[in-house]
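Knowing the structure of chain R, use the given hints to seat chain L on it.
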Amino acid sequence: MESESLVISDYGIFIGKKSERVVLKKKKEVIKEVPFFKLKEILITTSGVSISSDVIRECAKAGVQIDFVSYAGKHLAKLSAAGMSGTVKTRREQLFAYEDERGVKLAIAFVKGKIENQLVLLKYLAKYRKRNNKKLYEFIYNQLDEINKIKRGMNEIKGSNIDDIRQKLLSIEGRAAKKYWRVIKRVLPEEVEFPGRKTQGADDVVNSLLNYGYGILYSRVSTSVLRAGLDQYGGFLHADRPGKPSLVLDLIEEFRQTVVDRTVIGTLNQGMKFKLSQGYIEDKSRRKFADKVLERLQSKEYHDGKKYRLEVILQRQARRIATYLREGKEYIPFVSGW
Amino acid sequence: MHTLLIYDISDDRIRNKVAETCKDYALRRIQWSAFLGKINHNKREELILKLGKLLGEKEGNIQLYPICSKDMKLHRELGRYANVRD
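These protein sequence lines are chains R and L, in that order.
Be aware that the first sequence starts at 1, since it is given in the numbering used here, and climbs by one per residue.
Be aware that the second sequence starts at 1001, since it is given in the numbering used here, and climbs by one per residue.
The shape of chain L in the complex, shown without the other chains:
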């Protein structure tokens, strides 16, 4: 299922690790702190467990939203600047 993951973490090291882990689960970056991708139930649970461990007791916020394909079809995008994605 499509999954949106967004985070707000101030520690550079942890933030980077979170981003890397998202990529390990085949999510792609859609904004600086937002990742999107198709991922199955098991892998999603695995990912959130891993991210929980990464964050530990540090300050920060990570949110994960599964999005059904029906809703995904309503996705729209507006962009006004040159490529910032990787």
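Just chain R, with the same shape it has in the complex:
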């Protein structure tokens, strides 16, 4: 049975519970009802929403996470069941892994996955331009070669501790990303302005969409990490910092391109228009785009020789990290098909 993500992106909504359903009300009028057994997550992306404690209670029982995401896609808060952090063995291994070779291997796998997925997306973009835009096609393949060269540098990285090699890894990741975004800029429709990738304080459509999309993806990855019994804050590639969910940021790397970047490029190339007001994407456009990203998470890709929905693959990858940490079964990053 299909389960549903509830995205609340409208002012003045009250989220309440009636019998065993979540009820959305606006101005005392019921606008939507979803039974709890069908509910996957609640994502609140706007201000001026009220939520009843009964809903929170039921969500905790049903394992449904409630996330607050800002306009710009920044993840602000999450509410999840208290029992979710009861997986000691996995956590202990996760924290130990930082000091040994496992951390090194995982960090390399994340970066590898990210770059592989960038390559896949570029190839995918090139495929459709082979006929009608030879110049762009060649440009893309040029950059592909260069990214491949950069990628090879990873084979030489050796170390027994993640702190020794982090700088080298980040430098490779950064150089590849620079080339990658250079291509993306050329691929977007001409009328769309894209000054280059900006993470914070972006005030153009492309970056705003990217950031918002990553915000949605982030909440999904964080749920997956929690469900796998891992600690969100014990990452490898991303250094420790109080309040920084490094492991979520680590795992998100291999999904950014497939889930968000491709959706952004796709919707813009289809001619979908997004309005900005005061540097933020407008309410209506935001919901339209959120639907696209959620739709993308429902689409299927190959994983381990079988087809799974992307959201399922996300969960599987999180579990794989946990298995690797506990039992040493090799972690292979997810690479999408093209």
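If you are wondering where the hints come from, they were derived from the structure by calculation, not from laboratory data.
These numbers come from a predicted model, not from an experiment.
Incorrect hints may have been included.
What the hints assert, rightly or not - In silico BS3-like cross-links for lysine-lysine, where the CA-CA straight-line distance does not exceed 30 Å: (1) L:Lys1023 with R:Lys32; (2) R:Lys198 with R:Lys134; (3) R:Lys292 with L:Lys1038; (4) L:Lys1053 with R:Lys300; (5) R:Lys38 with L:Lys1073; (6) R:Lys32 with L:Lys1017; (7) R:Lys275 with L:Lys1043; (8) R:Lys292 with R:Lys329; (9) R:Lys18 with R:Lys61; (10) R:Lys273 with R:Lys134; (11) R:Lys17 with R:Lys61; (12) R:Lys17 with L:Lys1073; (13) L:Lys1073 with R:Lys32; (14) R:Lys105 with R:Lys89; (15) R:Lys74 with R:Lys329; (16) L:Lys1017 with R:Lys18; (17) L:Lys1050 with R:Lys61; (18) L:Lys1023 with R:Lys18; (19) R:Lys28 with L:Lys1023; (20) R:Lys40 with L:Lys1038.
Said to hold, decoys possible - Taking CB as the label site, the calculated pair distances span: (21) L:Ser1069 with R:Ile332: 31 to 41 Å; (22) L:Ala1034 with R:Glu295: 29 to 39 Å; (23) R:Asn269 with L:Lys1070: 34 to 44 Å; (24) R:Glu330 with L:Tyr1065: 50 to 60 Å; (25) R:Lys288 with L:Leu1064: 34 to 44 Å; (26) R:Asp304 with L:Trp1032: 42 to 52 Å; (27) L:Ile1048 with R:Lys28: 31 to 41 Å; (28) R:Glu330 with L:Leu1074: 50 to 60 Å; (29) L:Lys1053 with R:Ala62: 48 to 58 Å; (30) R:Trp181 with L:Tyr1065: 49 to 59 Å.
Think of the CB as a built atom: it goes at the ideal place given N, C-alpha and C, for glycine as much as any other residue.
Then chain L, alone, in the frame of chain R:
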């Protein structure tokens, strides 16, 4: 599978509870005492158990019909009045 649930219950309190429970199982109201929706085998059994408990020893009648999608395609509807559904 599509499932049609109809009931005839005179006690207001129980009737309301039955209707609410139908909604909890993602069935939607198609007439005052008729609900329709897609529901899997397990959930359907769960629902009928719950309704049985609700009804208890009181007077009333609840019927549940699974409808296969082939037959569902033959569904027709005629309506002559303004919206009465919720």
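Are there hints from earlier that the structure breaks, and if so, what are their numbers?
Checked against the structure, the hints that fail are numbers 4, 7, 8, 12, 15, 29, while the rest are satisfied.
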